[in-house]
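As given, the protein sequences belong to chains A and B, one line each in that order.
Mapping the first sequence onto the numbering used here, position 289 (from 1) lands on 289, and the numbers just tick up by one.
Mapping the second sequence onto the numbering used here, position 173 (from 1) lands on 173, and the numbers just tick up by one.
Please note: incorrect hints may appear among the correct ones.
What the hints assert, rightly or not - What follows is a set of in silico ranges between Cβ atoms, one per label pair, in the way DEER data are often shown:
1) B:Val209 / A:Val313: 47 to 57 angstroms
2) A:Ser218 / B:Pro170: 36 to 46 angstroms
3) A:Leu199 / B:Pro15: 51 to 61 angstroms
4) A:Leu246 / B:Val209: 48 to 58 angstroms
5) A:Val313 / B:His195: 47 to 57 angstroms
6) A:Ser218 / B:Gln202: 35 to 45 angstroms
7) A:Val313 / B:Asp211: 46 to 56 angstroms
Claimed, not checked - Chain A side only, calculated, beta carbon under 10 angstroms to chain B, not exhaustive:
8) Met35
9) Arg213
10) Ser217
11) Asp221
12) Leu228
13) Val229
14) Gly324
15) Leu327
Claimed, not checked - Sample of chain A residues at the chain B side, in silico, Cβ under 8 angstroms:
16) Pro36
17) Val225
18) Leu226
19) Gly230
20) Ala231
21) Ala232
In short, the hints are calculated from the structure, not lab data.
Backbone N, C-alpha and C fix where the C-beta goes; we use that ideal spot for every residue, glycine too.
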Amino acid sequence: MNRQVSVTPRQGKIPASLAARLPQLAGAVTASRIMPDAGAAGRPLTAVITVMCFLACLALGSLVIISRSVDNWTRDMASQMTVQVRPVAGKNTDRAVAKAVKLLKSTRGIASVKAVSAEDSAKLLEPWLGPAALMKELPVPRLIELTVDKRSPPNLEALAKVIATAVPGATLDNHNRWQKQIQRAAGAFKLAGYGILLLITLTTVAIVVFATRAAMSSNNDVVEVLHLVGAADNYIALQVQRHFLLVSLKAGIYGALGGIVIFAILLRLINGPSASGDGAAADQLLVGASAFGFSDYILFLLVPLAAALISVVTARLAALRILGHRL
Amino acid sequence: MVRFDNVGLRYSMGPEVLRDVSFSLESGSFHFLTGPSGAGKTSLLRLLFLAQRPTRGLISLFGQDVATMPRSWFPAIRKRIGVVFQEFKLLDHLTTFENVALPLHVRGVARENYQRDVVELLDWVGLGERINAYPKVLSGGEKQRAAIARAVIGRPRLLLADEPTGNVDPQRGRRLLRLFVELNKLGTTILIATHDFHLMDQYNAPRMVLDQGELTVSQ
Numbered sequence: 001m002n003r004q005v006s007v008t009p010r011q012g013k014i015p016a017s018l019a020a021r022l023p024q025l026a027g028a029v030t031a032s033r034i035m036p037d038a039g040a041a042g043r044p045l046t047a048v049i050t051v052m053c054f055l056a057c058l059a060l061g062s063l064v065i066i067s068r069s070v071d072n073w074t075r076d077m078a079s080q081m082t083v084q085v086r087p088v089a090g091k092n093t094d095r096a097v098a099k100a101v102k103l104l105k106s107t108r109g110i111a112s113v114k115a116v117s118a119e120d121s122a123k124l125l126e127p128w129l130g131p132a133a134l135m136k137e138l139p140v141p142r143l144i145e146l147t148v149d150k151r152s153p154p155n156l157e158a159l160a161k162v163i164a165t166a167v168p169g170a171t172l173d174n175h176n177r178w179q180k181q182i183q184r185a186a187g188a189f190k191l192a193g194y195g196i197l198l199l200i201t202l203t204t205v206a207i208v209v210f211a212t213r214a215a216m217s218s219n220n221d222v223v224e225v226l227h228l229v230g231a232a233d234n235y236i237a238l239q240v241q242r243h244f245l246l247v248s249l250k251a252g253i254y255g256a257l258g259g260i261v262i263f264a265i266l267l268r269l270i271n272g273p274s275a276s277g278d279g280a281a282a283d284q285l286l287v288g289a290s291a292f293g294f295s296d297y298i299l300f301l302l303v304p305l306a307a308a309l310i311s312v313v314t315a316r317l318a319a320l321r322i323l324g325h326r327l
Numbered sequence: 001m002v003r004f005d006n007v008g009l010r011y012s013m014g015p016e017v018l019r020d021v022s023f024s025l026e027s028g029s030f031h032f033l034t035g036p037s038g039a040g041k042t043s044l045l046r047l048l049f050l051a052q053r054p055t056r057g058l059i060s061l062f063g064q065d066v067a068t069m070p071r072s073w074f075p076a077i078r079k080r081i082g083v084v085f086q087e088f089k090l091l092d093h094l095t096t097f098e099n100v101a102l103p104l105h106v107r108g109v110a111r112e113n114y115q116r117d118v119v120e121l122l123d124w125v126g127l128g129e130r131i132n133a134y135p136k137v138l139s140g141g142e143k144q145r146a147a148i149a150r151a152v153i154g155r156p157r158l159l160l161a162d163e164p165t166g167n168v169d170p171q172r173g174r175r176l177l178r179l180f181v182e183l184n185k186l187g188t189t190i191l192i193a194t195h196d197f198h199l200m201d202q203y204n205a206p207r208m209v210l211d212q213g214e215l216t217v218s219q
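Chain B with its partners taken away, still in its complex shape (with noise of 0.2 angstroms):
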């Protein structure tokens, strides 16, 4: 599903952020990845999600070659993959139903299809009560958890999560793991950045870690 050849990648004439990162990620998989602050685990996941292109070396998605696929194929590309943001990137004009429900109105669901799944899932994530409330006035938790309803809404292919439990307590941290071993076990490919070990000690999956722009895969 995901294949990264000798993966380089460096912003303007800086130093390399990632150097010759090879890894693949096979349908169904779930991965962790990790590393101390600025390895480039952020990067690794913009590249992923299409938002930025390798300075060099091969990406292939979803059996498509990155570098060769028009841009005109990002948007189908991008709907089959689902992203958490560490900073979350809810809009503050949109309620957080709204906000969730983004990408089925995209993908033009409409919505007497799409209302009840939205709720539903809002209140599986503990943001039942908040469903018309505005960004600003979620706590960072309760905006986490609107981004990964976000991210999971449209049943993804593959999952990125950056951070995603950095601001809610463990149980809730908990909790919100189990929704993306549960995706995991419908097919969806996960990857979650973390350097939370608590988080990845609580499921069993390869570690591929990052320093200094090197990756590493250990089980």
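Same shape as in the complex, but just chain A (with noise of 0.2 angstroms):
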């Protein structure tokens, strides 16, 4: 044997054209490289993930906002109640009128009235019933609007009955009725939002599992050696599950800020150009600006990262898996 030679030649001299040379290595075999980037695993992963990670943030997006506008909803409808006052036979509305205002102001818990004028009434129904003058001949009922205190509420039952016992023909309608089926309405909303959030999570599961497979079927000689060489099954996993975090985070950053932009344009078409007035408050009445802030939007970054870490656990689970069929 050649006297120069050790095998493992840790404390050897090496010729000083190599010697020069080692600065270049520095980047060697770094573990992101040990399994290579294409086939199923490389872009056409990052397209689907960029896909889901969009789909995600719109449903994200619209959650909140479906969530926070029934919140406003039924707050303003909770607070805010009617008295009806129907004509009756032989007695004097606006005096019947006066009596339900009069009540109503003494009562505890009831933070504002306001008698809707025999005029206003009339302007309300015109788009329906015609000019205001043919209707001083029509029997229109009155309304009082009232709010009621958030901090002390009355007894509303109670007061139900104690108005209609002193104002005949007055009711009070505390819009329970619609208030339910707002929540219902908007709880089924919620529920197809998890529902979709769900069957992306699901899917996006589905579509790392199957890139695994692909991944590791492609790379079949790499695991190979790498098991040969001593990698344990662990190893590889994490080699595997690299360079799905690198993929679904990229592909996860792309995604989010394509449903940020898109969120943003479709909140624009939403609220309309109008911005004062009777015609913002009207554009608010379903959506309003309030209902998505700009600090929402840091709602979608938490995209990336779910799926960062959907991939990264699938990924690993498949691998190991995979592995654990093999010798």
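Hey, can you piece these two chains together into the complex? The hints should help.
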């Protein structure tokens, strides 16, 4: 044997030409390079996860808007009520309204009381019943708007009985029926939103499982060599999950950025261009701008993190399962 | 170190490719494994580096019964074994340096602790100018030398080589044989599968002859 040879020459000298090239090897055998990038776990996976994250952002944003809008609606409806005074034969309706207003103002837990004038009532009904002048001949009920003090609300059942007894033809409408309907509808929308998010998650898991299998299959030689040089399943799974971490994080960021842009455009379209007066109030009726603020977009940044977590855990479990079937 | 007792191997429902193979390799020994093509040399090596389980018989590696050994122990056993494959099995997306350093990387050795060793070994096997080249641009001989360097870089206790000099010129073949002899002197058990009688004639070592799945040992 050549005397210069040392099989593992830890203290050995190497030629100057080679020593000069050592710095070029600074990036040698980085963990992320052990599994090649190509195959189903590359660009196609990036594209699919991008789309999934984009859809997740839209679903998440919609959920936030629905939840917040419904909260706003029900809060307003819970604090605002109406007393309806129907004309009764032989009774003066104006006097009945005045009596009801007096009674309501003296009731604890009522923050404000405002009777809608006969003219205003006629104007409200004009689109359906024609000119206000004609309505003088019709027995149109009068309305009293009242706002409840949320901190100490009155006993509504008792109030309804008192007002019905004291003022013939008067009834209290606490909007309970509408409130319940809206809450039911909102609950259904929320459920659908969570269902969509769950479907997106399950689809992502299925795609990552498929991609992991494809990656393991196309890199069969790499896995075999890694095993034969002594790599444990955990080591190989770590290489696989690192690869999926990078892919899913990158794809997640693309998807979230796309989601933010499209969501902002959609919100702008829903809220419309008018921003003042009655028009703005009408625009805000269904989905107010306040239902989704700037800080809510931070939620979208959680989507890439969730995608990365789902991908990494799924890829690791799938890889370990596949490796477990090998020698 | 290695013990085979009446080992038999068949693939699926085919005929037995190894029949009643019995032998032992003592620690620090040097053996050639020879026989005609298709005699079962590669299958025997696959059993030795745990890529295959025997259909019957007993295999003991480093004092452990392979049949009862938990699969989780395989990596630790394989780290003690260096393998030179006939088809090299270099990873195409890694450079020559990275391929040779792979066993050390897998063991968690820091790069700065193996960089010089790998470069020096590559230089010694004549690949000093090819450290950043990818396997696709290496010749058959260069790939073979890279595969040998990868097998020996971790100073294995058992080195298995399948036709390690099949693609190199005689002078390079002698140099590689010297590398194996030197490793053997350092205590590594060597088993070289070859049908190159010229190579076997250069070093006096017992020859295990496989023929139609049956093994005989001659000096």
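Outcome of the hint check:
1. In this structure, valine 209 of chain B and valine 313 of chain A meet the distance hint of 47 to 57 angstroms, their C-beta atoms being roughly 52 angstroms apart.
2. For serine 218 of chain A and proline 170 of chain B, the Cβ-Cβ distance of about 39 angstroms falls inside the hinted range of 36 to 46 angstroms, so the restraint holds.
3. Here the CB-CB span from leucine 199 of chain A to proline 15 of chain B is close to 52 angstroms, well matched to the stated 51 to 61 angstroms.
4. The hint said 48 to 58 angstroms for the Cβ distance between leucine 246 of chain A and valine 209 of chain B, and at roughly 51 angstroms that hint holds.
5. In this structure the hint that valine 313 of chain A and histidine 195 of chain B lie 47 to 57 angstroms apart at CB holds, the actual value being about 50 angstroms.
6. At roughly 41 angstroms, the beta-carbon separation of serine 218 of chain A and glutamine 202 of chain B lies within the given 35 to 45 angstroms, and the hint holds.
7. The beta-carbon spacing between valine 313 of chain A and aspartate 211 of chain B, approximately 52 angstroms, falls within the hinted interval of 46 to 56 angstroms.
8. Here the hint on methionine 35 of chain A is kept, as its CB sits about 9 angstroms from the closest CB of chain B, short of 10 angstroms.
9. Hint status for arginine 213 of chain A relative to chain B: violated, with the closest Cβ pair at about 20 angstroms, above 10 angstroms.
10. This hint is violated: serine 217 of chain A has a C-beta 16 angstroms from the nearest C-beta of chain B, more than the 10 angstroms allowed.
11. At its closest, the beta carbon of aspartate 221 of chain A sits 7 angstroms from a beta carbon of chain B; the interface hint therefore holds under the 10 angstroms criterion.
12. At its closest, the beta carbon of leucine 228 of chain A sits 6 angstroms from a beta carbon of chain B; the interface hint therefore holds under the 10 angstroms criterion.
13. Interface hint at valine 229 of chain A: satisfied, since its Cβ lies 4 angstroms from the closest Cβ of chain B, which is below the 10 angstroms cut-off.
14. Annotation: interface hint on glycine 324 of chain A holds; nearest CB of chain B at approximately 8 angstroms, less than 10 angstroms.
15. Because the beta carbon of leucine 327 of chain A sits about 6 angstroms from the nearest beta carbon in chain B, less than 10 angstroms, this interface hint is met.
16. The criterion of a C-beta within 8 angstroms of any C-beta in chain B is met by proline 36 of chain A, whose closest approach is roughly 4 angstroms, and the hint holds.
17. Given hint, valine 225 of chain A at the interface with chain B, holds; its Cβ is 5 angstroms from that chain's nearest Cβ, closer than 8 angstroms.
18. Evaluation of the leucine 226 of chain A hint against chain B yields a held restraint, the C-beta minimum of about 7 angstroms falling below 8 angstroms.
19. The interface hint given for glycine 230 of chain A holds, since its Cβ lies 3 angstroms from the closest Cβ of chain B, which is under the 8 angstroms cut-off.
20. With a cut of 8 angstroms, the hint placing alanine 231 of chain A at the interface with chain B holds, because the nearest CB-to-CB distance is about 5 angstroms.
21. With a least beta-carbon distance of about 4 angstroms to chain B, the hint placing alanine 232 of chain A at the interface is held under the 8 angstroms criterion.
Of the numbered hints listed earlier, those contradicted by the structure are 9 and 10.
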